[in-house]
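Trainee: Sequence:
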Amino acid sequence: MAALKWLTPRRQSATQRSVEAGEAAAAAAEAALATKPAKPRPEDTAPGAAPEAAPGGKPEEVPFPVSGDPRAAAFFDLDNTVMQGAAIFHFARGLYKRHFFDTQDLLRFAWQQAYFRMAGAEDPEHMQDARDSALSIVKGHRVEELMSIGEEIYDEYIAGKIWPGTRALAQAHLDAGQRVWLVTAAPIETATIIARRLGLTGALGTVAESVDGVYTGRLVGEPLHGPAKAEAVRALAMSEDLDLSRCAAYSDSHNDIPILSLVGHPYAINPDSRLRKHARAEGWRLRDYRTGRKAARVGIPAAAGMGALAGGAAAAVAISRRRK
Numbered sequence: 002m003a004a005l006k007w008l009t010p011r012r013q014s015a016t017q018r019s020v021e022a023g024e025a026a027a028a029a030a031e032a033a034l035a036t037k038p039a040k041p042r043p044e045d046t047a048p049g050a051a052p053e054a055a056p057g058g059k060p061e062e063v064p065f066p067v068s069g070d071p072r073a074a075a076f077f078d079l080d081n082t083v084m085q086g087a088a089i090f091h092f093a094r095g096l097y098k099r100h101f102f103d104t105q106d107l108l109r110f111a112w113q114q115a116y117f118r119m120a121g122a123e124d125p126e127h128m129q130d131a132r133d134s135a136l137s138i139v140k141g142h143r144v145e146e147l148m149s150i151g152e153e154i155y156d157e158y159i160a161g162k163i164w165p166g167t168r169a170l171a172q173a174h175l176d177a178g179q180r181v182w183l184v185t186a187a188p189i190e191t192a193t194i195i196a197r198r199l200g201l202t203g204a205l206g207t208v209a210e211s212v213d214g215v216y217t218g219r220l221v222g223e224p225l226h227g228p229a230k231a232e233a234v235r236a237l238a239m240s241e242d243l244d245l246s247r248c249a250a251y252s253d254s255h256n257d258i259p260i261l262s263l264v265g266h267p268y269a270i271n272p273d274s275r276l277r278k279h280a281r282a283e284g285w286r287l288r289d290y291r292t293g294r295k296a297a298r299v300g301i302p303a304a305a306g307m308g309a310l311a312g313g314a315a316a317a318v319a320i321s322r323r324r325k
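The sequence shown maps to residues 2 to 325 in our numbering.
No lab work stands behind these hints, which were simulated from the structure alone. Only a predicted model underlies this, so the values are computations on that prediction, with no experimental measurement involved. Be aware that a few hints might be false.
Unchecked claim - Listed next, with one range per pair, are the computed distances between beta-carbon atoms:
(1) Trp-112 x Arg-72: 42 to 48 Å
(2) Arg-72 x Arg-143: 35 to 41 Å
(3) Arg-219 x Arg-99: 19 to 25 Å
(4) Arg-109 x Val-144: 20 to 26 Å
What the hints assert, rightly or not - Taking lysine to any residue and the SDA-like style, the derived pairs with C-alpha atoms no more than 20 Å apart in a straight line are:
(5) Lys-140 x Thr-104
(6) Lys-98 x Ala-160
(7) Lys-98 x Arg-143
(8) Lys-98 x Ala-169
(9) Lys-98 x Arg-109
(10) Lys-98 x Leu-108
(11) Lys-140 x Asp-213
(12) Lys-140 x Leu-220
(13) Lys-98 x Glu-145
(14) Lys-140 x Gly-222
(15) Lys-140 x Asp-156
(16) Lys-278 x Glu-241
(17) Lys-140 x Phe-101
(18) Lys-278 x Ser-262
(19) Lys-140 x Gly-86
(20) Lys-140 x Ile-150
(21) Lys-98 x Lys-140
(22) Lys-98 x His-142
(23) Lys-98 x Phe-65
(24) Lys-98 x Trp-112
(25) Lys-98 x Arg-168
(26) Lys-140 x His-255
(27) Lys-140 x Asp-106
(28) Lys-98 x Ser-137
(29) Lys-98 x Asp-176
(30) Lys-98 x Pro-165
(31) Lys-140 x His-100
(32) Lys-98 x Ala-177
(33) Lys-140 x Gly-218
(34) Lys-140 x Glu-223
(35) Lys-140 x Ser-262
(36) Lys-98 x Glu-157
(37) Lys-278 x Thr-217
(38) Lys-98 x Gly-69
(39) Lys-98 x Val-144
(40) Lys-140 x Arg-109
The beta-carbon is built from N, C-alpha and C at its ideal position, and this holds for glycine as well.
Using the sequences plus the hints, can you model the full thing?
Mentor: Below is the structure:
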C-alpha cells in the first residue's frame, strides 16, 4: 500500500518552494512583457486615440482589475487552476475513507488521480470514466449527507491543494468590488463548498440528478465542460448584466479556450501545452504556480487579448441550480 500514500491527507502540498518558483516565473514573464509593447485593446483607449505614454515613451498599462466596475466579474476554472489536481478525485479519497466503496474502486481512482497528475491535462474519455465512477458511488445517498461530508473533505484534502497565487488573483477581483465565480465540470455541490470556503460569489458546475433529496446516479443535462462552460457564462452574464469584454477568465486547459475567448481578459494558469501555444499566439497573459522545472517547460507569457466564441448547452441547468 506504500504506492497509495497520496491517499493520506498532508498539511501542505503546495510547498513554499513551489510557490516561490511560480511567482518567479510570473515575475520573469512581466519583465519580458516590459521589453515589448502589449497588443492594444479597444477597451483600453477611446476610439481613434493612441494609448497613453509613460515617461519612458512606452504605453502605460491600464490597472487591472478595475475597481468599482459593477459590470465586470471573473470566472475561474477549478482543477489545476484554483487547486492542484482534480477535485473529484480528492472527493473520492474522502469517500473511501468513509467506506463508500471498496478497494477495487479505490485502485481505479488511484490510477485516475496519478494519470491526471502526470498528464497535467484533461482527457475527455478519462474524465468521463471518473465521472461515471463517482455517480455510481453517490447513487442512493442523500444530498444533505454528501454536502456535510464534502465540508469535511475540503478540510482534509482540498484546503492544502489551493494554489496561493491563483487565490490571490481571485482576491484581487473581490477587493476591486467584482464578483467571482468558479466554473467547473466538478459536481456543483463540491464547487459550491470550495467557492464558499474561498469567499467567492458562487459556482457553476455539473449537476447530479436527485429525487426527493436522493441521488439517482444520473446527470441533469451534460457535464459543464468545454464549450458548455462558455455558454453557461454567457447566460450568467445576461442574467447578472455583466459586460464580458470587461470580465476575466482563468484556466489551465485547452478545453477552456471557448470561455477564455469569450472575455476581454483571458489568463492561462498552469497551462497545458496546447493552451500555452494558443495563449502565446493570442497574446494572453500567463501565470504558472507549479515547480520551477515544470514552469520552465511551459515558457514565457505574452500580454492580454480578446476574442469571442461560444457553444454548448447546460447554462440554464447550472444557473438554476446555483439559485436554489
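Trainee: Does each hint hold? Answer for all of them.
Mentor: Against the structure, the hints:
no., hint, result
1, Trp-112 x Arg-72: 42 to 48 Å, "holds (45 Å)"
2, Arg-72 x Arg-143: 35 to 41 Å, "holds (39 Å)"
3, Arg-219 x Arg-99: 19 to 25 Å, "holds (23 Å)"
4, Arg-109 x Val-144: 20 to 26 Å, "holds (24 Å)"
5, Lys-140 x Thr-104, "holds (18 Å)"
6, Lys-98 x Ala-160, "holds (17 Å)"
7, Lys-98 x Arg-143, "holds (18 Å)"
8, Lys-98 x Ala-169, "violated (31 Å)"
9, Lys-98 x Arg-109, "holds (15 Å)"
10, Lys-98 x Leu-108, "holds (13 Å)"
11, Lys-140 x Asp-213, "holds (13 Å)"
12, Lys-140 x Leu-220, "holds (11 Å)"
13, Lys-98 x Glu-145, "holds (18 Å)"
14, Lys-140 x Gly-222, "holds (17 Å)"
15, Lys-140 x Asp-156, "violated (24 Å)"
16, Lys-278 x Glu-241, "violated (32 Å)"
17, Lys-140 x Phe-101, "holds (10 Å)"
18, Lys-278 x Ser-262, "holds (14 Å)"
19, Lys-140 x Gly-86, "violated (24 Å)"
20, Lys-140 x Ile-150, "holds (15 Å)"
21, Lys-98 x Lys-140, "holds (17 Å)"
22, Lys-98 x His-142, "holds (16 Å)"
23, Lys-98 x Phe-65, "violated (43 Å)"
24, Lys-98 x Trp-112, "holds (17 Å)"
25, Lys-98 x Arg-168, "violated (28 Å)"
26, Lys-140 x His-255, "violated (31 Å)"
27, Lys-140 x Asp-106, "holds (15 Å)"
28, Lys-98 x Ser-137, "holds (17 Å)"
29, Lys-98 x Asp-176, "violated (38 Å)"
30, Lys-98 x Pro-165, "violated (27 Å)"
31, Lys-140 x His-100, "holds (14 Å)"
32, Lys-98 x Ala-177, "violated (40 Å)"
33, Lys-140 x Gly-218, "holds (4 Å)"
34, Lys-140 x Glu-223, "holds (17 Å)"
35, Lys-140 x Ser-262, "violated (36 Å)"
36, Lys-98 x Glu-157, "holds (11 Å)"
37, Lys-278 x Thr-217, "violated (41 Å)"
38, Lys-98 x Gly-69, "violated (45 Å)"
39, Lys-98 x Val-144, "holds (18 Å)"
40, Lys-140 x Arg-109, "holds (18 Å)"
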